[in-house]
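Start from the sequences, fold in the hints, and give me the full structure.
Number of protein chains: 4
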Amino acid sequence: MYKRLTFIMFSIFFVLFTSVSFVMAGHGKGKADKEKVAIVLASFGTTVPSAVKSIINIQDEIKRAFPGVPVKITFTSNIIRSIWKKRRADAKKWLNKGIPNEVLYVKNIIATIGDLVENGYKNIVVQPTHIFFMEQAQDLKSYIDALNSIKTTKEKWMPFNKLVMGRPALGMPGDKYNYHEDMEKALKTVSDDVNLAKNKDAMLVYMGHGNEHWSTGIYLEAQKMMRKLYPDVVTFIGSVEGFPGIDDLTGHMGYSKSKNIVLKPFMIVAGDHATNDMAGDEKDSWKSILSKEGFKVFPVLKGLGSNDKFADIFVKHIKDAARDGGIELINH
Amino acid sequence: MYKRLTFIMFSIFFVLFTSVSFVMAGHGKGKADKEKVAIVLASFGTTVPSAVKSIINIQDEIKRAFPGVPVKITFTSNIIRSIWKKRRADAKKWLNKGIPNEVLYVKNIIATIGDLVENGYKNIVVQPTHIFFMEQAQDLKSYIDALNSIKTTKEKWMPFNKLVMGRPALGMPGDKYNYHEDMEKALKTVSDDVNLAKNKDAMLVYMGHGNEHWSTGIYLEAQKMMRKLYPDVVTFIGSVEGFPGIDDLTGHMGYSKSKNIVLKPFMIVAGDHATNDMAGDEKDSWKSILSKEGFKVFPVLKGLGSNDKFADIFVKHIKDAARDGGIELINH
Amino acid sequence: MYKRLTFIMFSIFFVLFTSVSFVMAGHGKGKADKEKVAIVLASFGTTVPSAVKSIINIQDEIKRAFPGVPVKITFTSNIIRSIWKKRRADAKKWLNKGIPNEVLYVKNIIATIGDLVENGYKNIVVQPTHIFFMEQAQDLKSYIDALNSIKTTKEKWMPFNKLVMGRPALGMPGDKYNYHEDMEKALKTVSDDVNLAKNKDAMLVYMGHGNEHWSTGIYLEAQKMMRKLYPDVVTFIGSVEGFPGIDDLTGHMGYSKSKNIVLKPFMIVAGDHATNDMAGDEKDSWKSILSKEGFKVFPVLKGLGSNDKFADIFVKHIKDAARDGGIELINH
Amino acid sequence: MYKRLTFIMFSIFFVLFTSVSFVMAGHGKGKADKEKVAIVLASFGTTVPSAVKSIINIQDEIKRAFPGVPVKITFTSNIIRSIWKKRRADAKKWLNKGIPNEVLYVKNIIATIGDLVENGYKNIVVQPTHIFFMEQAQDLKSYIDALNSIKTTKEKWMPFNKLVMGRPALGMPGDKYNYHEDMEKALKTVSDDVNLAKNKDAMLVYMGHGNEHWSTGIYLEAQKMMRKLYPDVVTFIGSVEGFPGIDDLTGHMGYSKSKNIVLKPFMIVAGDHATNDMAGDEKDSWKSILSKEGFKVFPVLKGLGSNDKFADIFVKHIKDAARDGGIELINH
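Residue numbers (our numbering), protein chains in the order written: chain Z, 1 to 332; chain A, 1 to 332; chain P, 1 to 332; chain R, 1 to 332.
Check before you lean on any hint, since a few could be wrong.
[Stated by the list, open to error] With a cut-off of at most 25 angstroms between alpha-carbon atoms, the simulated PhoX-like pairs for lysine-lysine come out as follows:
(1) Z:Lys257 to R:Lys257
(2) Z:Lys151 to A:Lys151
(3) R:Lys151 to A:Lys151
(4) A:Lys141 to R:Lys151
(5) R:Lys154 to Z:Lys141
(6) A:Lys176 to R:Lys156
(7) P:Lys319 to Z:Lys151
(8) P:Lys319 to Z:Lys176
(9) A:Lys97 to Z:Lys151
(10) Z:Lys151 to R:Lys154
(11) R:Lys151 to Z:Lys141
(12) R:Lys154 to P:Lys154
(13) R:Lys176 to A:Lys151
Note that these hints are calculated values from the structure, not bench results.
As structure tokens, then:
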């Protein structure tokens, strides 16, 4: 009982500390406020504690790049947020596992932005950590567009001075940024994965997330780019949900002379999908399927977010979005 | 020091309690969630502790009318919220004065709605306590319209099932609800004020808030309605800011044979304006000006929100907005 | 029959000519197009041929001010447009009365803007001729805001470079332009009306349009401003629909020693309302009512749009809107 | 000269006839109007006269399905519309080639919808003829969403009762309609193409339009579906612009034992791309490239729009959109 109370107090101080530091950061008046800038890092999210680290790693990279600019985390997946909400009933357990307070108490994008506005941040860059521009990024964009359509009678009461959104890791539709180039830049950051495969005389097989409701054909474009960038290693990119599934890939794998496979998630985090669907012992995991096909499989449980060079893509995309929106990423 | 710690713990438990009860209320799953409903009471706000009571009175009326439906408070005035934010540094003092936690920690409309969404409320009725549809209500409407324009790829992830806004006390432009009738219904609730004036053989002078940036000519329409509804008492309605100011009214007051004046705020709360601009001792207060003109002035420091019959208008407008939006105001 | 054919051909050439000249004006390519600017003059409209002249007069003033910039006319009243649509069956009759082709074939704001876009105009200033910012201007603003929310994937295909709206004659809510000052500037242009009243030793009574669905109290603010600007003449401003009606005014007129009244529409055109409700012989016309009250009434059937100085207000408001929106009002 | 005049008169009557019939159809009043429905067929467009037929064929199918409902044509490509605009200077030539008046005078989507509103159509279904949901459909959706955000003060003056958009031939993102199923249904309509290839002992190679600014990986999903539906014939689907290009395909073609290729556009029309990029004699046309690779190529210059079964997909999608939007596709 006593311990529990201690813990509650501990976690309360934690909350307070966060709030207070927020209020502190929130000082500054009038005209200055118009210039205060914050970043929101919008992840799909994960429920796996070890996977949270990949997100925090990206957050750290961004904080290092823009010292003094708060970087708030939101999860765009409603299901994942609802799991964390339930976990709050046993908060101590999760905080003890090293889960940051802001993850345990993670909020949706509306509330996250509302809280920033309340604390005087009128310039906000929302940066998704999504790989491609699909459902999650599209929905996020709809939130940002909607919030941007608020028009107060007097300009001085506008909730935002500038509210902008960066593009996903491998780009987005449109001609502002060529997605082929974005894809190339992003895939150049995974040379370590390729080298690992090379050293093991292996093919590199990436497992993307995918989905059944938005064409995932872009995975094949990424696969083509991988092979162009790294001709020494045969790379395959499939997805858990949607096309191309593992069955679409295995037929082609036979053509390779290599019998080894380095298997890695093509996702920001090595979460549920990586642990179970990719590297699990169930017979329908990719590891099991590929093993059964006669390959020696080396699963790597590490999300792309843990790759600093990959994480830096988001720093770059934040810079682009800020520059395009006329936001200076400094708080005086 | 010890006392301070006790207090901090107390206020922390307060916060936790609020959060926890929120989480509790947040239970229920899937389809049920789609039906969960909450109300947001959007006041201009006040910094005067005694005036807060008028807002709480309206909140209580609404809670009584819709048991089981959470009624969250937001203040639409950025300046007033920023004052409460500073006061949080001395939270104990304000909570001890009876300021509810949700007022001390009041948030803007975006964050308030974001928090409700986070807690599973997908049906939300936002009810302004504004008197007329002017800048504050127009801006609030812009927020609601903007949030309503969010469109997720899949319908099931839409943040709102129904998000609607009720009309101010004395109506709004358009033909959905005739503002003349709204005005009449609202003014019928102030018969006690008229009777007070009658008993004192006095004119009734209301001080509205007004502003310089949106025509306030509607005060004169309200004045005309008052005289029609209560022919026995001469009523004047002026405004602190904008037209008609006290100078526009005094010229006409001479025509009345009464030399007494009951002076009351035509605002939800008897806050700063009522205390100082209306009933203060400074020579430019309405009390001083009217006294100098030779009238005996009886100021009444009570907001319209403290009048239960007036408060019930908001209950009615919530019912109308919910019905029009297809929202059932019950949580099962 | 022959004459009818001749006429049809005539009117057809008329249409063609308009179209062709449009196409001509539409020349210019690529980058140049981005700079092409047009003005839309958005009137409530009128069905009275002689009243059309007031609108054309405003159009002429604007054309003179911005040579080379097309000034298209639209009517915001759906009812009035539908009457002109019926009249097209008897086009000759109306064209013979001097009705311009663009009035007989007037279109709604969506089609008018769509046609301009089709002809390469990507910079558009929409200028209402409405007196106050009420239902008509609010609705127009909603159209403009909506069209402005179109976002194409590539910026080069955006339908508009800049699409902006000027404010009504007597201003609009907000702090961008002080409506008191707008009102003052506008009312300074009606000195001829005041002088006419003065010469006739008369009061000046204006009939505004008004409505029952949006507070019209601003008429009283305008009346107050008139009396401040022109203390020598007693001015009343009432409205056909809504407050203050003629009944609200007559009570006060008795206090004036003048027994003469100059009666004029406080509208852009002297149309149906002016001819019938104001100056008609029916016993409920203002002329009849005021005559019955013992006044000698001098009706003036001239809209404010025929007053060049008043028309110039719209030129000024177009300039303001263009400057605020970064539009240069020149076509090279 | 005389002939030219005759022609002008002819074309004028044509215009008049269209307008008049429009006005006729526009009759009916008040409440009835609320129910009047029209369809807009939004094609990318084409500048090749023979290709126009494929669009007209779709229009005819739709007209047959919904007798009494006007089906207006718009082209979403600004470049293609601008070419038709120039051709109007030589209108006779194009009309003589059988180009329908509504194609020669084709307007953008804003003007097209504005004209329908002007003629009393308050229920509008916009049906793209685009193959996939990419840039063109996304932009069209933005126009529709924007127009839908217009809110007039009074509901009766809303420009639209219902304005909805159908999905492209092979579906769109989201869970309302499963795009895999849409794809399957659409590809089941091309069995004639497969049979032609079979009879010629050929592979079937489709040329899609594609683009460089929006992932076109969905072509590979369609290719996979083709092979699943028609296992007897090897189908390839590539695109003029973007991935997979002809170079991405040729490498795989060698694995097929067939040395014949039926080459067909995977586009609504057999326009410029089909004539030149696909079947032209230039050495970089697909025909030339594939011939050089040793294949015997049979080009088929027929758009998918000329395939009645394919055209019927749009009828189906119009029905779905109307039903979802609560529109009855009948004019009484």
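Against the structure, the hints come out as follows:
no., hint, verdict
1, Z:Lys257 to R:Lys257, "24 angstroms, holds"
2, Z:Lys151 to A:Lys151, "19 angstroms, holds"
3, R:Lys151 to A:Lys151, "17 angstroms, holds"
4, A:Lys141 to R:Lys151, "12 angstroms, holds"
5, R:Lys154 to Z:Lys141, "31 angstroms, violated"
6, A:Lys176 to R:Lys156, "10 angstroms, holds"
7, P:Lys319 to Z:Lys151, "22 angstroms, holds"
8, P:Lys319 to Z:Lys176, "32 angstroms, violated"
9, A:Lys97 to Z:Lys151, "36 angstroms, violated"
10, Z:Lys151 to R:Lys154, "21 angstroms, holds"
11, R:Lys151 to Z:Lys141, "23 angstroms, holds"
12, R:Lys154 to P:Lys154, "35 angstroms, violated"
13, R:Lys176 to A:Lys151, "13 angstroms, holds"
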